[in-house]
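K.L.:
Okay, here's what each chain looks like letter by letter:
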Amino acid sequence: MIGGASPLAGYLLVAALMFAIGLAGALTRRNAILVLIGIELMLNAANLNLIAFWRYGPHPEVLTGMMFAIFSIAVAAAEAAVGLGLVIQIHRHAKTVDVDQMNRMKG
Amino acid sequence: MSVVFFVLTAMTLAGALAAVLLKNLVHCALSLTVAFAGLALLFLELDAQFVAFVQILVYVGAVAILVVFAILLTRSAETPKAGGVFSRTWLAGLSVAAAVFAVLGWAVLESTPWLPQTTEAPAADVGQIGEALMSRYVLPLEIVALLLTAALIGAVIVAMHEKDGAQ
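Protein chains in written order, with the working numbering: chain A, 1 to 107; chain B, 1 to 167.
Hint data in this document are derived by calculation from the structure and do not stem from the laboratory. Please read these numbers as outputs of a predicted model, since none were measured by experiment. Don't take each hint at face value.
[As the list claims (entries may be wrong)] Residues from chain B shown here face chain A by an in silico Cβ test under 10 Å; the list is partial:
1. Val3
2. Phe43
3. Val67
4. Ser87
5. Ala98
6. Ala107
7. Trp114
Heads up, the beta-carbon is just placed ideally off N, CA and C, and yes, glycines get one too.
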């Protein structure tokens with residue numbers, strides 16, 4: 001990435017690092033909201049990949065990568081709303097948002 | 001690789017790291033906003049102006065506020081008394097994340113010689129995007145509209161207060 005390499009590689013590495021940070025957050029934190037934050041970071045890293053490939057791809061004029069990113073943002077917004085609603089309901093029901101203590105599916 | 005790219009990258013990754021590592025969840029949400037904004041600036045750097053503004057509107061404007069509301073409603077702002085903020089199995093989670101990053105980074109670095117080099121900015125103004133959304137992508141657009149409606153109604157129903165319950 002230093003010294004004449006494609007700028008696309010830099011963006012891909014940034015997206016990979018961001019995905020790994022989000023994955024680490026989702027897998028290691030105890031609070032369910034932090035798990036959702038990690039998932040949002042992973043989705044954003046995927047969007048960065050889509051836009052970078054659109055920008056440096058062979059046919060940017062057909063807008064495929066950009067459309068994919070826009071639809072991905074819309075789906076991620078829906079996911080965030082449903083996920084946070086579920087967290088709020090779980091907190092009301094089980095009095096905790098600690099995923100280590102959510103160990104039964106029975107209500 | 002410009003200086004702007006490195007500055008924006010540092011800002012985005014610092015925000016993401018802080019969002020995952022900080023103890024206080026309100027601070028996490030604010031760092032998450034910084035990461036989202038840095039990503040929007042990276043989109044601008046990639047000549048995707050429309051996506052950058054969508055990112056600001058949807059993530060900085062809506063999702064971050066939603067996360068703050070959820071934190072305040074579940075009273076997660078105070079740090080837990082015992083056990084710390086990380087799960088018992090944090091070492092396994094961290095190893096999985098490190099392995100995923102190693103594989104992704106290896107794949108990117110191995111494919112560097114074949115990546116395209118073009119640097120002239122593609123033209124994608126809002127008019128073209130609107131035309132594409134209304135012609136070629138009209139069916140996905142309608143499906144996403146339906147999905148958003150269903151998801152938001154579902155979220156409201158799931159999070160709604162039950163009057164006849166124990167609460």
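K.L.:
Confirm or reject each hint.
P.N.:
Hint by hint, here is what the structure shows:
no. : hint   : verdict
1   : Val3   : 12 Å, violated
2   : Phe43  : 6 Å, holds
3   : Val67  : 7 Å, holds
4   : Ser87  : 5 Å, holds
5   : Ala98  : 7 Å, holds
6   : Ala107 : 8 Å, holds
7   : Trp114 : 9 Å, holds
The structure fails hint 1 only (numbered hints given earlier).
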